[in-house]
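Asks: Could you put the whole structure together from the sequences, leaning on the hints where they help?
Sequence order for the protein chains is B and E.
Here my numbering is used: the first residue of the first sequence is 1, the next is one more, and so on.
Here my numbering is used: the first residue of the second sequence is 1001, the next is one more, and so on.
Honestly, the hints are just simulated from the structure, not real lab data.
One or more of the hints may lead you astray.
With the C-beta cut set under 7 Å, the calculated list includes, among others, these residues of chain B facing chain E [unchecked claim]: (1) N55; (2) P56; (3) L73; (4) P77; (5) D78; (6) Q90; (7) V93; (8) G97; (9) V98; (10) A101; (11) A110.
Please read these numbers as outputs of a predicted model, since none were measured by experiment.
Ideal Cβ positions, reconstructed from N, Cα and C, are used throughout, including at glycine.
Read off the chains here:
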Amino acid sequence: MVATLEIRNLHASVEGDESLILRGVDLTVKQGEIHALMGPNGSGKSTLANVLMGNPAYEVHEGTVLLDGEDVLDMEPDERSRAGLFLAFQYPVAIPGVTVANFLRHAINARMKAEDPDSKGIPIPKFARMMREKMSQLHIDHAFAGRYLNEGFSGGEKKRAEVLQMAVLEPRIAVLDETDSGLDIDALRIVADGVNSLTGPQMGALVITHYQRMLNYIKPDYVHVMYDGRLVESGGPALALELEEKGYEWIREKHLAQLEV
Amino acid sequence: MAVVRRRSSLPQAPSFTRADVEALGRENQEPTWLLERRLEAWQRYIDTPMPYMEEEWRRTDYRHIRWSEADRLAHANGLTAGVVPGKNLEPLTGDEQGGLLVFVDGKVTQFELSDKLTQQGLIFTDLRSAVRDHEELVKAHLMTRAVTPADGKFAALHAALWNYGVFVYVPRNTVVELPLHVVCYNTSAGAGFGHVLVVLEDNAQATMQVEYASRHNNEQSAYIGATELIVGAASNLRYVSLQDWNRETFEFSHQRGVVGRDAELDWVNGVMGSRLTKAFIEVDAVGTGANARVSGFFFADRGQFFDLDTQQNHNAPLTNTDLLFKGAARDDARTLWQGMIKSLPEMQRIDGYQVCRNLMLSDEARMDSVPGLEIEADDVACSHAATFGTLEEEPIYYLMSRGITRPQAELMIIEGFFDELLQRVPFERVRQRLMDEIEAKIIG
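Replies: And the structure:
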């Protein structure tokens, strides 16, 4: 069955703050599809990513998010992950003392234990083999596995670590939050290649980006524009090019005009 | 900041007497010099008031000790090493012990020493036997160079009444590859006076671990111990001490490393057990170019109070000391670290560093850190720091977003906090065990 993430009329704010950042988002992402989500700074793109993953710093006021009909908003972040959702963080946090390998082994074991409480977890040799394969696939130095997670990582290393986690956890729907930010063109190409090697019929992706350049490497099926907490434009790849050419100003004008009508 | 509490009553003193000291000397048929030293220390003990308001003690309230239970001297009870938990007896590396010495209630119950080490001239024996068999060596080093009776009330009491211990002597130019392992395990309540005396002559090397543990007991115990690590010129000692006393034990200990010219001491000190621990942990860098790394980890829970007083004394130029302590506290536990780096005026080109990192796991826990410097030289690089943190939501959320449950995420973050410290324990097997013990504390 094709997994489907359905976002309906989603309203959200920062926890404890009444002013809404998301003001009624509607979007459906299916396994196998690539959606690009663009929009000016402050339009609510990262908030959407975090609300989808269950960041406790945000609060949902209204609306639903369903993954295969299951209520995602009712789930803790770990349950969402095990249900097949993934977020590549814009600013991954450093976890001192926890190596990349140790972390990912726990993440896999948590999945196995959720399915079978008696599971002993993945055998270490099997895990090591899998890690080597995935790291090679993403052109990541194998020494990476032994480093403390995100600690002292360069911007590019952090983003690659996010993509590695995605490769290992094999989500059905992945949200990539500005995975292109802070990358030079070479790093961007490597990260984009990694994402491309993972997308396909088995994974749907919501690629959040401020700039069109990411979409030179990751070809979206659909492009959406967020403005003031709503999706105000949707279209095919041509929409991204139009935004690149015209900037976001026309979106703002068009949107304001609509409000006045 | 720490608060000075008003105290309505002075700490009670234990009921030891001069006759206890004399009886100990007689019972062991000790040489005259030792009995004289014991009696001299006893006099110093008598002349020193119970500590309570001095700077090092004013934050340490130990008046809840019931000396009527904790000052009873242990007697031989016929128990064997069989009562010691298997985890404490496991070889530190591989399946071979370089040397193993097990005390149960202060009595030697197991002793092993590989032939290879004996042939090298290594002495690894219990301290009472050493007084008899290596009298001159013990006389020269026992409480003369590292810990002395003048160090405090409990140091003097220990010097008067020490009743078991270990003596290690590594001759010049001797490298002891296999680790030496000492286990001090108590089954009965009461007073224990354990002593560790390690002497490395010049250009020697050794690795050693001492473990302290005791069986649960409803009655109180006092451990009044001393550790002396004397590292000769160009020598290298790696020393690990792990304390996991039961919850009715009060530890008052003095521990000091003396590091000679171009020598290296790598010292890891773990405190997990006891109801109250007051430990003075000091290094004296006495030779030019001496290096000491002092690492400590502690985890206090349910009513525990750990008070760790560290001092780095730069008594020679070009010396380097590096101290890192990391601790956590949960429930209503309290911890206190007081650090001091000292140097004399003419001791130039020294480098001293001290930091204590605290992780507070409950609102009821309290952790204090008081770093200090007394530097009289001017061409020095000395720094200190103390940090305090709690479990933050952001990293927990990050780990959870990968499918890891909240309890597991918290566990990983706390273990990660300690990882840097545990990596300094030179035995993989011991590291794993300590991880398990930390995990047990977290799960509660």
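Asks: If a hint holds in the structure, say so; if it doesn't, say that too.
Replies: A quick look at each hint next to the structure:
A cut of 7 Å between beta carbons decides the hint on N55 of chain B: the least distance to chain E is about 6 Å, and the hint holds. Taken as an interface hint, P56 of chain B checks out: its beta carbon lies about 6 Å from the nearest beta carbon of chain E, inside 7 Å. For the restraint placing L73 of chain B at the interface with chain E, the shortest Cβ-Cβ distance is roughly 15 Å, beyond the 7 Å limit, so the hint is violated. Look at P77 of chain B: its Cβ gets to within about 4 Å of chain E, closer than 7 Å, so that hint holds up.
Hint status for D78 of chain B relative to chain E: holds, with the closest Cβ pair at about 4 Å, below 7 Å. Hint status for Q90 of chain B relative to chain E: violated, with the closest Cβ pair at about 12 Å, above 7 Å. For V93 of chain B, the suggested interface contact is upheld, since its CB lies about 5 Å from the closest CB of chain E, less than 7 Å. At its closest, the beta carbon of G97 of chain B sits 3 Å from a beta carbon of chain E; the interface hint therefore holds under the 7 Å criterion.
A least Cβ separation of about 4 Å between V98 of chain B and chain E falls short of the 7 Å threshold, and the interface hint therefore holds. This hint is violated: A101 of chain B has a C-beta 13 Å from the nearest C-beta of chain E, more than the 7 Å allowed. Evaluation of the A110 of chain B hint against chain E yields a held restraint, the C-beta minimum of about 5 Å falling below 7 Å.
Hints 3, 6, 10 from the earlier list are contradicted by this structure; the remaining hints agree with it.
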